[in-house]
Amino acid sequence: MNTFTTEKQPRPQFRNLGLSQLVTYRLPMAGLVSIMHRISGALLFLALPFLLWLFDLSLTSELSFERLRGVASGAFFKLALLLLIWSFFHHLVAGIRYLLLDLHIGIDLKSSRNSSIAVYAVSLLLTFIAALKLFGAI
Amino acid sequence: MAHPAAGIGARRLVVGAHYGLGGFIAQRVTSVVLTLWVLLVGASVLFGPLTYEKWAGLFAPLPMKIITLIALLSLLYHTWIGVRNIWMDYVSPVWARLSLQVLTVLYLIACAVWSVQIVWTA
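Just so you know, the sequences run in chain order E and Y.
Take any residue in the first sequence, note its place counting from 1, add 4, and you have its number in our numbering.
Take any residue in the second sequence, note its place counting from 1, add 4, and you have its number in our numbering.
Extracted from the complex, chain E is given alone in its bound form (with noise of 0.2 Å):
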């Protein structure tokens, strides 16, 4: 034992991500859960018009309901309304996840771990049926 020691030894350093590091940078999955929680998050506040629109047309009168099945049968339309849709579940469900967190439900490293899988799983597999049915599959 050598307390006395005034050899420097090299201190671990943490410092923000710089932007050419947050291409390359590994988040955890809960890491990655949180991110696109906000990045949903942001898109649909962006979306509120163009959503609110559509509630608009849809609930008008027959006519604009029916402008609304015009407009939506466009495939740009399919996918910017999925990729909404998509953000929506995500937002939703990492959300429960984030509640039942609060709850204290969950908290430890691996039951954490595997929630955030069952958030991608779970909003995923929403997106997907929602896009059969925006497609006309099912």
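None of these hints come from the bench; they were simulated from the model.
Partial pick of chain E residues on the chain Y-facing surface, computed with a CB cut under 8 Å:
no.: 1; residue: L63
no.: 2; residue: F69
no.: 3; residue: L96
Non-contacting residues of chain Y with respect to chain E, defined by C-beta distances greater than 10 Å in every case (computed):
no.: 4; residue: R15
no.: 5; residue: L44
no.: 6; residue: P67
no.: 7; residue: S78
no.: 8; residue: M92
With a Cα cut of at most 30 Å, we get these calculated DSSO-like pairs of lysine-lysine:
no.: 9; chain 1: E; residue 1: K82; chain 2: Y; residue 2: K58
no.: 10; chain 1: Y; residue 1: K69; chain 2: E; residue 2: K82
no.: 11; chain 1: Y; residue 1: K69; chain 2: E; residue 2: K137
Using N, Cα and C, we set each Cβ at its ideal position, and we do this for glycine too.
Place chain Y on chain E using the hints.
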């Protein structure tokens, strides 16, 4: 948490959260309201073909209008807290953050007015 000295006088942080439970609780309560509304609407229209009569009929009764408006206003409040957090995390100059927050509030108020109009004229 802001340093106590930053909480008063000219150095007071005008664009932070209020560092209380309020926003935290509101975020969670509104999320539960939204989830329940989504389940309610989903369960009402998921089965069988979706016609205009069925869809518009769902939102015609007054109780459903009230429930839907509560859900939409919850959504906008939920959005306010979330987007405010994004600005607070990534935008540090006070002038930029304040501008973005003011624009966000105006945008959400506009959405709120439109929501009332949609739900009440349906």
